[in-house]
Amino acid sequence: LQVGKHPGKINLTDIDNGLNILKYLMDKPAAVILKHNNPCGAAYGDSLAHAFDRANRCDRIAAFGGAVILSRACDNDTATLLSQNYLEVVCAPSFEEGSLEILKKSKNLRVIQINRIDRLAEFEKFRFVDFKSLIDGGIIAQQSAVNSIRSAADLKPATATWKGETFACDRAPSQRELDDMIFGWAVEHGVTSNSVLYVKDGCTVGIGTGEQDRVGVAEIAVHKAYIKYADTLCFDQYKIPYADLALQIAQGKRDKDELAAIDAKTKADRAGIPGSVMISDAFFPFRDGADVGIRQGVTAILQAGGSMRDFETIQACNEADPKVAMMFTGQRSFKH
Numbered sequence: 532l533q534v535g536k537h538p539g540k541i542n543l544t545d546i547d548n549g550l551n552i553l554k555y556l557m558d559k560p561a562a563v564i565l566k567h568n569n570p571c572g573a574a575y576g577d578s579l580a581h582a583f584d585r586a587n588r589c590d591r592i593a594a595f596g597g598a599v600i601l602s603r604a605c606d607n608d609t610a611t612l613l614s615q616n617y618l619e620v621v622c623a624p625s626f627e628e629g630s631l632e633i634l635k636k637s638k639n640l641r642v643i644q645i646n647r648i649d650r651l652a653e654f655e656k657f658r659f660v661d662f663k664s665l666i667d668g669g670i671i672a673q674q675s676a677v678n679s680i681r682s683a684a685d686l687k688p689a690t691a692t693w694k695g696e697t698f699a700c701d702r703a704p705s706q707r708e709l710d711d712m713i714f715g716w717a718v719e720h721g722v723t724s725n726s727v728l729y730v731k732d733g734c735t736v737g738i739g740t741g742e743q744d745r746v747g748v749a750e751i752a753v754h755k756a757y758i759k760y761a762d763t764l765c766f767d768q769y770k771i772p773y774a775d776l777a778l779q780i781a782q783g784k785r786d787k788d789e790l791a792a793i794d795a796k797t798k799a800d801r802a803g804i805p806g807s808v809m810i811s812d813a814f815f816p817f818r819d820g821a822d823v824g825i826r827q828g829v830t831a832i833l834q835a836g837g838s839m840r841d842f843e844t845i846q847a848c849n850e851a852d853p854k855v856a857m858m859f860t861g862q863r864s865f866k867h
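Mapping of the sequence shown onto the working numbering: residues 532 to 867, in sequence order.
If a hint is listed, it holds; no wrong ones were tucked in.
Below, computed lysine-lysine pairings styled on BS3-like, alpha-carbon distance capped at 30 Å:
| id | residue 1 | residue 2 |
| --- | --- | --- |
| 1 | 638 | 566 |
| 2 | 566 | 866 |
| 3 | 638 | 770 |
Source of the hints: derived by calculation from the structure; they are not laboratory data.
Turn these sequences into a full structure, and let the hints steer you where they fit.
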């Protein structure tokens, strides 16, 4: 509907991956913000504007110059929030009267309408052919992955056997944790491996992507959650990014206590991670990855299961105070 700067490959692949995630989130208003083909924020909301606001607050920093994919018609409230951000792409199934006029004030914004996004859910079990071009001119052709974890009934209890002894988690997940597992696994489906997510109340808290080792990506997701949480606190209070506040303090223009207060609250709140569900796209080969999330206060974990050391991760959940619930998918979610 508006070309802006001519859409490039990354704009189109961001839209594609956003739709790849949204097709599992069509039951409620939802928004996914992507940057360089990975989600930096995804959320359900009571309304579309609420969903976008929650997704944006997950990572205001990475959302700068990102692509926003919406599951419902873009209304004026959502358009107003979108217009307050620098974005490259906004994609929705339709745009209500007045919303385009708000969005088109940003001349370089690419505004894209894809009709019948609501029908995506009808095709979630269909596979498509995925091509990869190789340096020598060869081509790999493979079937796309399908997310088979669509309800709590698809999850498996976390159990393992080691040297004749059976291990199982002492605590079962709550309904809220089960809902976050289903939501988080849907988002995970569009995140580059190795990846770990922290999600809470239908919203991402921290997203770690494309790392070489699982414990490392669990730590990176925590690190990012702290940085983004502090930035959001700063923006809420001072209407400037955390980095700008730090610079102004270094220049002697502001009181360093302002930054110290934000850092202290971020540390006290543990970046909002306590109470969240930890999602891993494959099994934990050792318990150290799960321990990262448990130390930060996650209350439940969802992972593929299937490691020879699953019993150690179960032990980690049972040793936690309070105990942590864990479920298996029996399915990996690798994306490369």
